[in-house]
Every structure is written in structure tokens, then in C-alpha cells.
Amino acid sequence: MGTMAASVEEISAAAPQALELHALQHLGELRSTFESGRTRPLAWRQDQLRGLLRLLAEKEEEAFRALHDDLGKHRAEAYRDEVWAPLVAFPADAQVVPEPLGVVLIFSCWNFPLGLSLEPLIGAIAAGNAVVLKPSELAPATAKFLEDNIGDYMDATAVKVVQGGPAVGEQLMEHRWDKVLFTGCPRVARMVMAAASKHLTPVALELGGKCPCIFDSASVGTGRNLQTSVNRVIFAKWSSCAGQACVAIDYILVEERFAPTLIKMLKSTLKRLMADSDQMARIVNARHFQRLSGLLKDPAVAASVLYGGKLDAKNLCIEPTILLNPPLDSAIMTEEIFGPLLPIITVKKIEDSIAFVRARPKPLAVYAFTNSAPLKRRIVEETSSGSVTFNDAVVQYGIDTLPFGGVGQSGFGQYHGKYSFEMFSHKKAVLKRGFLVEAMLRYPPWDEQKIAMMRHLYRYNYIRFIFTFLGLSRT
Amino acid sequence: MEESRAAAVQELRARFAAGTTRPAEWRAKQLRGVLRMATEMEAEICDALHADVGKPKTEAHVHEVDISGQVVVLVCLEESQEMDETQEVLSLDPVIGAIAAGNAVVLKPSEVAPATSSLLAELLPRYIDSTCIKVVEGGVSETTAPLELKWDKIFYTGNSKVGRIVMASAAKHLTPVVLELGGKCPVVVDSNVNLHVTAKRIAAGKWGCNNGQACIAPDFIITTESFAPKLLEALKKVLEKFYGKDPLLSEDLSRVVTPNHFNRLLDLMDDEMVSDKIVFGGQRDEQKLKIAPTIFLDVPLDSAMMKEEIFGPLLPIITVDKIHESLGLINSMTKPLAAYLFTRDSKLQKQFESTISAGGMLLNDTSVHLTNPHLPFGGVGESGTGSYHGRFTFDAFSHGKAVLHRGFGGEAKARYPPYSSAKLKILKGVLAGKLGAHIQAILGFPRGK
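As you go down the protein sequences, you meet chains S and Z in turn.
Residues in the first sequence are numbered from 977 upward in steps of one, following this note's numbering.
Residues in the second sequence are numbered from 5 upward in steps of one, following this note's numbering.
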């Protein structure tokens, strides 16, 4: 997999990539643990989950530090997105009837390195599996935190953390797993699924996409609702790991005539809420910083910047940036931005947004700020996305009764709450019969009479069935 | 050929994008069309199935035209209509679910059953909207070509070798797949059973369905050394009753589908590791591609017959000392599509249920679990991924989209930067469900920034 090796460069450590063989050798141990039945009893699973709760309670400070090291993430954001969200994922009741799949592999992503590791881990354990967790090497402090602590709070014979980069990921995928959950980008997802196909390993892919925000100014109005909406847009774009989130608002669609008001409000609110740079996470690493700066280098795109645009390469900070109508074929409008740059695209009528969204790959989320019931209905029925949220954004992630997952290019497989349990379970159909009721119709030798009787039975025609049985009906 | 196929797919995409497949009326119309086709063309369908696999008319009715159970397709329509008693043809069960879920569909029937394949290609357009539902015929190359295209879902029923190819192709486009594969479905037979009924049900599941060429057909039996002779006698009696003294002459026995598979089965039978273990049957007719029900006793576990899915009328009986040893033996193999247990011992039943992993399991019978529309039908591990039947087919071809409606009220300042420890305190309280924190949040605390 040549392309996977190419991205080794993004690992800024000077030391060569050490292949993590340690846990691969222990893959056998995990299998034995699972086969011994250790992960099945409800008590064991509850124990593990309680251990996780204790971990989050006792090691909160260390976790926050690691997240800050990795991403410059503010504690509040860290708490909300990484500690609380996984806790919400605790299912209310675990069913014993569906069976665990066995030994599962979870790849988590660097932007919510704690949350995206723990949420699926909770589901997998609740379902009774043994787990290998491979956190992203792009958030090394959090990965190390997980490696150092998970074993102290959970059963280390059944839950293992493997550190490393793409080469380790490749090695892991050479083995058969009972399920693989991958959170990340489509490019790597393709490689994961291709590798999984060799062993018929089922996969779930949590990807992203360009999540649009349809801003129906006409129905939102200019009063308090407008301010509330703008607050929520800012929250969804810049307070979510500086836009580096699969569910962050990628771009806004607004009617031409309302754009100036919206932009004005965004600017003033940004000044108020995000005056200090430490209120926003930084860009994860130099490679992504280059990528984002590169998006702005295109002269037509640079010309469309209305606010922000300041780049601080040393600290990997890009200030909240707003653009107005960059060219639709520019990279910023064709690739997932995953950063603090917000293009605003104007349309003649807000309904035109629907065709705009439909013409593009299916995103993980579609957002719309609107009070118009017909528009809401059209958005739900005519666009396709992992989910739709009206008058807010990102918050759907925290509601554990809603399934979370993509469709089309944004992935497949859903989790959160009870869906996490189901994602890592096999729903085994079990049918029980006795010996008493025997239908001789089932068995050869067959004849027209038997066929006729069967036909009558299937159509609930009991009278004709009896007649045929008694030989009183011609077949 | 390539261009016309690509053009056909383009048409499907356009029709779907235009919303043709969405209205309840359209879907209902298609499903009624399928129903009418199965009813009006029953004779032609049975003829095609007989031409392809020598399928006896009864099997054709029960397993393919009439249903071996009722398939109730629950379609969640605006008017909450219920489509009941939709009759299925095996190829069409997934198609029915896909249509019910509002999709445009390409159906590629197996080229190994050419008569049925061409019949479907000919009939379907007469009964349903062929701008949205197309049949593509052909062999390996005609299967590989469509796999290069982007689909929103791929549903494959077949063997695990091709299953891997399908999944690898799907990976290029991040297409989700349902793979209905097979495996070696074991039958564990305890000694405390009603022997006659057990023998009948095993025989019906094994030879009464395409002569063993079915994914859920019992592949092999495990029983105790002491019970094996009795079970064998019971099976022999039942087989004679079903198929007469010369099974090759019985019209009630399907033939083997192709010369390739016929030769594959002969190789399994004549393998010197097992050829001396035949205790019943063994007759074969190369002209008619027929093999009689054949039973083996105690074949070596490393013989080809015990390593591959048999998919034919050969039935090995493996003996163990004590019946619960069967569990370890089954677990040493890859997970099958179905696992069967005949016993009256409830402790053994519980053990079986909790330690054996299979797509589905059945106690004291074979095969019939697939007729229950309320049970998901599908494999696990090597036997596949995803499930269908009844409501599950609809789900397999749908995306459950989460939709959240929020109002503008309930604004919590604590959500927004600039962050502070005061805000964090309130936030923690809210997230922990504390009423006081909720009240503070709603009242816009903390004051100031």
C-alpha cells in the first residue's frame, strides 16, 4: 500500500517508525481470552465500563493536558466533546441475546482522540467483545495517555492499545478481525475496506464530507433568533476543534440579499466570543496547516476572504476566516475543509440550496437554520446525508437515541447509544421446535395433492385444504 | 456491451434522482407486478428451474414460487399500508426489499442457472417498471464489469471466494455490502430424540432442497459413536421412503447444477481418504448429472470433504465419544450460516446457543428458520455479513437518517466561548443532568462574557 507509506512524512517525530509488534503478538492472547468466554458475563462487561468511568473521573487532568498538547484544545471543549460525549454513549441496557462478534479493531481519529476511542470501545465492550484500539499517531499525547492508563482501569487481557502510524495500521489489517471500525478520511477508508475484504472482515466506516449549512434568513428573521443562529454556527464551525470535525459546518448557503447581514453578524459575534486565540483549538500539525494555507493560496479564493485569514505557522494557528463566494471549482469548495475557513455561497432563492447540496457527495450532516416547514420537508426528503439537524449543528452527536453514521461517501455503519452495542454484535436468529407437530406435506415423495394442500395453507384457505386432504377436491 | 451497460446504469441513476422510485404507489405497483408474475408465470418458472437444476415441481413451488412461509413486507408508507403475503422467488426476495425501500435496482442472476436467468430477464420488464429495475445477464466478465461501477449498495449471494472479490471492488467506491455466503452447517444429533422425526427433518433439509445445493442445507452430522448406527438406519429408511430404491430414477431429487460441480462432488466422494467410508448410496449418473443421497461414516477431519462446503448430496457423519464434544469441534471451524441441534436436553441446548456462533440456529429441525419473516437471515464471519428477509430486507436497502429539530429557545451561554471555569462548572452540571445547572444555564449564567 504505497500511498499509506507516503504519509509517514506527516509523523513529525525524527525517530523512524517503530513497528508495534508487541500487540500483534498478543493478538493470539486476545483470541484466547475471547474464546475462554471471559468477555461474556454481564458482570465482567459492567466492571469494564465502570473502570472506564473511573478512568475518566480520576485522570481528567491528564486527559485534558494530553488533548491540549495534541490540539491546543480548551478544557471546556475537551470536556464537552471527549469526556462527556462518550459517557452519553453508555447504553441503558445491554441485551444478552445478541452475541459478541469476537475480537474487534477500532481505529480512532486525531481530532477527538479520546472521545472517538472511548465511544466505540464502550459499545464493543458492552457487546462482549475483546478489543484492540489503535488511536491516531497524529495525536500522540492522547494515544500515550490511553496506552498508559487503559490497562489500569480495564481488563488488559481483553483490551489492548496499539500505538503507531500507517505501517502499523497496515500490519493490523493483514489479520482477520470480527469487525473493524474506522473513523477517518475516505482515502484511508478504501484501503482499510480493501484489506478487510481478504478476510471477509465486516467494517464500519465513519467518514466526513462537506457538511452544508442552509441559512434561511427570511424565516429566521433579524431579531434574537438571528443572534442565536449565528452563535450556533460559530459553535459548530470554530468551537469544534477549529472546524477539524467530521460534523463541523463546512460551508454556508444563504440568499444573496441576506448575505451582508449574516456576514456582519458573524464578524461581530466572532470578535466577542473568540477574541483570544486560546479559545480555539490549533491546527493539528504542519501538514494540515500547509494544506489549509494552500486552500487560501489560490488567488481567486484569496480575493474572496472577507474576514480573518491570518496564518501563524509557528503556532499552527489560523484565525477564524470567512470567505464570500470562492469559485465553486476551487479546492476549498470541492474538498472537505476540516479547518477554520468558512465559505459563504450565495444563491438567488434559498430553495436553490437543495439542488446545490444534491449535486455533491452525500455528507455526514446537513444543517439548516429555518422556520419554514415546507423547506424543512424538502431538505429531509430531497437531500441525503448521515443526518439532518434544524436550527443547530453538531449537537446531534451527543444525543444517544439518534444513530450516528454516514451514507454514500460519508461512510456506513451507525453507532452511539444502543446502536454502538448493535454495531459490535451479531444478531443470531434462534428458532426452537419440538418434535410433536409434523407436517407430512414437507416430505417427498411429492404429488399434485401435496402441492395443492400447501398452496391452500399458504393462502389460509383451510376449507379447501381439508377437502384436498380428504381427497374430495380435484387437483 | 460495456457502453450499453453503463448507459443503463446512468438511466437508473437519473430515474432515482428524479424521484420515480419514491412514491408509495409506485413501489406498491412494482411489488404487485412481481406477485402477478409469480402467479401467472408459475408454470414457466417451474420449467426453467427444472431445466437448470432438475428441481422437482414441489421444491420449485415451496422454495421459490409459493413461499415456504409468508414473506410479509412491511413498507412504511405515508398511509401506513401493509403489503402482505408477497410471494417470493429466491432471486427476487432482495429485489422486493430493495423496491419496497424505494431504490432503483440491477439484478444479476447467476449464469449457472441460465434458464431461470433468461426467464427473469424476459419476464420482469413485462411486470415492473424496467426504467428502474433492470436484469443483467451473463457470466464472470459480465459480473466483474458492473462491479467497477459505483453502487449505493451491493447484495451478493454466493460463495466466500467471490464474496471477497465483491467486497474488494466495493471498497473502491466505499460501497456497503451484504454478503450472503455459506459454510459447513453442522447438525448435532443427541441420542434422546424422536429418531424418526429427526431423520425426516434432516433428510428434508439436506436432500429435499436442491439435493444439498443450498447454503443452509445440513453439511455434516455429529453424533455419538454409540448412537450413529441407529441414526444411520433411520436415515436409510427415510431416504428409501422419499426417493425409492433407486434414487437416481426419482423425479423428486434435483440434479447437480453443472458438470463442473458434478465433477467437484465426484472428486470429494472418490477421494481415497473417504471412499471406503461410504455406508449408503454413492450412485451417480453422469449423463443426467445426478448423484444419489450418499452417507459417509467417520471421514477424517482433514479430508477435503470436511474442509470445504460440500454443497451437494454427500452427508458425512462424524462421531464423538460424548455429545458435548461436538461444540468444540464446531468452534474449531469457521462460523457457518446455520447450526442445527437435535436434542431434548435443555442444558445442551443452552450451551449450544451460548457457545456456537452461526448466522442462525435451529433446534430440532433444519432450514425452516429462514421462512420466519421476523427473524433476520444472514451469516457471520466466513458465512457473511448483513441480513435480510421480511422487514430486514427493507432495512438492508435503507439508510436510517437521524433528523433533529431544534427551536431557538433554550440558549445556554455556557456553550460558547470565551470559555471560563465558571462556564465549565455549569456545563458539567448540565451534562450530568443536574437541575440547578440547567436552571443556571437557561437563565444565561454566568453573567458577563
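Mixed in with the good hints there might be a few duds.
Covered stretches of chain S (in silico footprint by chain Z; criterion: 3 or more residues with CB under 8 Å from a CB of chain Z, positions within the stretch not fixed) [said to hold, decoys possible]: (1) 1033 to 1045; (2) 1143 to 1149; (3) 1178 to 1190; (4) 1241 to 1252; (5) 1291 to 1298; (6) 1387 to 1401; (7) 1420 to 1426.
Cross-link-like lysine-lysine pairs, in silico, PhoX-like; alpha carbons within 20 Å at most [stated by the list, open to error]: (8) Lys165(Z) to Lys1174(S); (9) Lys417(Z) to Lys1243(S); (10) Lys154(Z) to Lys1338(S).
Just so you know, these hints were derived from the structure itself, not from any lab.
Since the model is a prediction, treat every value here as computed from it, not as a measurement.
C-beta atoms are modelled at their ideal positions from N, C-alpha and C, and glycine is treated no differently.
Checked hints:
1. 1033 to 1045: violated (count 0)
2. 1143 to 1149: violated (count 0)
3. 1178 to 1190: holds (count 3)
4. 1241 to 1252: Our answer is that it holds, as 5 residues pass the Cβ test (under 8 Å) against chain Z, meeting three.
5. 1291 to 1298: violated (count 0)
6. 1387 to 1401: holds (count 4)
7. 1420 to 1426: Holds, because 4 residues of the region 1420 to 1426 of chain S bring their Cβ atoms closer than 8 Å to Cβ atoms of chain Z.
8. Lys165(Z) to Lys1174(S): holds (9 Å)
9. Lys417(Z) to Lys1243(S): holds (18 Å)
10. Lys154(Z) to Lys1338(S): holds (14 Å)
Checked against the numbered hints above, the structure violates hints 1, 2, 5; every other hint is satisfied.
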